[in-house]
Amino acid sequence: MKKLLFALVASIFSFSAMAGGHADWFKEAGAPYKGTVLQGVAENTPPGQFAGEVLAKEFEKLTGIKVQLENTSWDQMYDKAIKDMEANSGIYDFVYIEQDIVYDYLNRDFLVNITEGLASNPSLQAPGVSLDDFTTFIDYFKDDTGDVFGVPMEAFIKVYLYRKDLFERADAKAAFRAQYGYGLSPATSFDQYRDNAEFFTHFCAEQGMECWGTTVQGHTGHPASTYEFLESIAPSFGLYNWGVNMDTYQSCVENGGQLNGGRAKAALNFWTQLLPFAPPEALQSTWSEVGSSFAAGRAAQGWVYGENAAWIATDAEKSAVVGNVGVMLPPTAPGVMTQAAAGNGYIGYYDGGAYGIPHSSKNKEATMLWLQFVAMNEHQADWAIAGGRITHKDTYADPKVMAVDEQADGYFTLMRDTGFLYAGAPPFPFHGAGRGAIDPFIYSALAGEMTPEEALDGACQALDTVMADLGYQN
Amino acid sequence: MLSKNKTGWLLLSPTILILVLAGLVPFFYVLYVGFFQWNPLAVDPSLQFDGFASNYRRLIFDEIFLESIWRSIKFSVVTLSIELTLGFLLALSLLSSFPLKSFFRSVHTLPLVIAPIVVGSIFKLFTVQGLGPLPHILKDYFGYTLNYGLNAEQAFWMIVIMDVWHWTPFVTLTLLAGLSALPQDPYESAKIDGANNFQIFTYITIPMMVPVLIVVIFIRLMDSLKIVDEVWMLTGGGPGYATRFTGIHIWKEVFEKRYYGLGSAMSILYLYITIVICWVLYSVMVARGKNED
Chain A
24 MKKLLFALVA SIFSFSAMAG GHADWFKEAG APYKGTVLQG VAENTPPGQF AGEVLAKEFE
84 KLTGIKVQLE NTSWDQMYDK AIKDMEANSG IYDFVYIEQD IVYDYLNRDF LVNITEGLAS
144 NPSLQAPGVS LDDFTTFIDY FKDDTGDVFG VPMEAFIKVY LYRKDLFERA DAKAAFRAQY
204 GYGLSPATSF DQYRDNAEFF THFCAEQGME CWGTTVQGHT GHPASTYEFL ESIAPSFGLY
264 NWGVNMDTYQ SCVENGGQLN GGRAKAALNF WTQLLPFAPP EALQSTWSEV GSSFAAGRAA
324 QGWVYGENAA WIATDAEKSA VVGNVGVMLP PTAPGVMTQA AAGNGYIGYY DGGAYGIPHS
384 SKNKEATMLW LQFVAMNEHQ ADWAIAGGRI THKDTYADPK VMAVDEQADG YFTLMRDTGF
444 LYAGAPPFPF HGAGRGAIDP FIYSALAGEM TPEEALDGAC QALDTVMADL GYQN
Chain B
354 MLSKNKTGWL LLSPTILILV LAGLVPFFYV LYVGFFQWNP LAVDPSLQFD GFASNYRRLI
414 FDEIFLESIW RSIKFSVVTL SIELTLGFLL ALSLLSSFPL KSFFRSVHTL PLVIAPIVVG
474 SIFKLFTVQG LGPLPHILKD YFGYTLNYGL NAEQAFWMIV IMDVWHWTPF VTLTLLAGLS
534 ALPQDPYESA KIDGANNFQI FTYITIPMMV PVLIVVIFIR LMDSLKIVDE VWMLTGGGPG
594 YATRFTGIHI WKEVFEKRYY GLGSAMSILY LYITIVICWV LYSVMVARGK NED
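Heads up: the sequence lines are chains A and B, in that order. Read in order, the letters of the first sequence are residues 24 to 497 in our numbering. Read in order, the letters of the second sequence are residues 354 to 646 in our numbering.
Isolated chain A (complex conformation):
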């Protein structure tokens, strides 16, 4: 909250600085739409809260256009947005488009072509706002011709977070060396990760601390666990695109896929074997709970989404580990880093989303203004600090961001320098159906009802059935 207040004050200064420049333009451009109420729906994330609580208010002050942003749970966000767009009911003027669902939305022609909309109505084109200012993350929201259908509002990578204070303890170092025969350090390999996890689970218990060796985003009834496996663990083992053969849309090894191949099985074995070293809430944890568990000091290391990394490292009001957070790339199997650097693979998920305008919106022009307001350079730094996200190239060099970067152990620098090693979700228009087919098998593997091998054999068959059903297989 303090952070949002700070961001609000900082934004007021930013907009004061903007006054007389772009502010006048927005006032003038917004005048015909004064009194309009724009409805939006998005996931309740730190960047979403900033948009709803800071940017929306500033936009209303400038233009008289009210923005009501409904920040809700991930499931509800999809449910509401998709139902609205399918029914063409026009409840929402803008919706959050998560990177992994964009192919579905484009395929079903839900979204307004923003490039075309601005080109055909130059009076709506805000000065000083350029889609070229964005990082390459905006490419995920373009069609084949390069037209933009969503304005990125958050982008972050899933990093390896570790507790510096625990890893630097002399007694921990000595005990670790005695037990494992090598020095204690943040993990760069899976064996080391497992050793660290096992060690800190016992070490914390011996010290009477409520902490465990690793986080696991292992909810046994929520897709978050499937996502952690498919988008973080599996790629770091060298399994890309869910193991789907992109030419034939088959995922089982016997059909030319990889979802039940050696890498996938090694990855799922590794991940499920971490459970004894994870906090007890792991099997009911989505991304939010993983962030909260780490912030509460309940894990020594883990894969954590970048949107949470900044506040975990810097917000003393919400995090008990401020000043003790280390940030690194996650461990990878031999050869994966080389493949990722060459553009033939990736080490994890480049996550994020954009605001787009459904065709059913009744206030498209006013929403165009809002989306450009969101895209302005002036408030990107404050947004980055509040939400751990960066969508503009210049934001990395902002002094305020650089100061937070230092506190956050170089999270933003890591994102800037190694972001290219990460990738968004594979371009599957059937994303939801495919993932839904895999979910129960991942849940069962986590609950111990199936071995990882059985789970992946079942998952690939279920996924192949869905892809065949939907007509994707050649």
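It is worth saying that the hints were derived from the structure and are not from the lab. Beta carbons: idealized from backbone N, C-alpha and C, even for Gly. Watch out, some of these pointers could steer you wrong.
[To be verified] Label pairs and their calculated CB-CB ranges:
1) B:V378 <-> A:A491: 51 to 59 Å
2) B:V633 <-> A:G494: 40 to 48 Å
3) A:K50 <-> B:I470: 36 to 44 Å
4) A:P450 <-> B:K579: 35 to 43 Å
5) B:T438 <-> A:R192: 41 to 49 Å
6) A:D170 <-> B:I470: 34 to 42 Å
With chain A fixed as given, assemble chain B onto it according to the hints.
What follows is chain B alone, placed relative to chain A:
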């Protein structure tokens, strides 16, 4: 008489219109969609007619769907039995006087006014491993590990407990209303004839309560067969398929995987099964009531 009827129909017409728009139109639409293969994520996202029985034939061999129905029926039978027993006992005790009776009755009714999704949230906060107080208490004082993210049996029973907590007050209040309205003459005659309390309960109270019991059983049976919200919040249907009741299964097929045609067929088939269960139950209860008469 005719003008009287006209006035009646005129007064009823808004209700009928709403019922048609909100009930019959969606029902016939779902029935219609159930005859098609339709998934907007498909290469061909249009509705494709594949024979009237295509989706239904597929469902008859769909183990996951059939298991979800069995799970839902099992859940309904278990919760209904517990809620009826507890509700009857509570209603009987509320008939007598005891200190703080009105306070107890008010507190006991509170769960009824809570939305199902909130009930799920309350139970989640109370029982989630690591953070909720219940697992700590069970572990520290009884050495019992509660982790329904891992244990399928625990997940099922946790949902039973949640449902019982939420809906027993409804059963109690309805039965209490029924018990309070029972005529006193049969009781007085039975006492004069020397019947004991158990005989009075089994031969007078229960038979006279049958109409109320039928209403309660039907309302709770239909409600429990379509449970979604609380389960969604507490377990999301997991671990694995352990708490994937039919309502949740249909939701996942329709709104996650977008199988609109198949999902519609599931809904119709499940509605049919629900009606059959209720009809069988009704017939049995009415026949039994007649025999006792």
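Verification of the supplied hints:
no., hint, verdict
1, B:V378 <-> A:A491: 51 to 59 Å, "34 Å, violated"
2, B:V633 <-> A:G494: 40 to 48 Å, "41 Å, holds"
3, A:K50 <-> B:I470: 36 to 44 Å, "42 Å, holds"
4, A:P450 <-> B:K579: 35 to 43 Å, "37 Å, holds"
5, B:T438 <-> A:R192: 41 to 49 Å, "56 Å, violated"
6, A:D170 <-> B:I470: 34 to 42 Å, "39 Å, holds"
Of the hints listed earlier, those the structure fails to meet are numbers 1, 5, in rising order.
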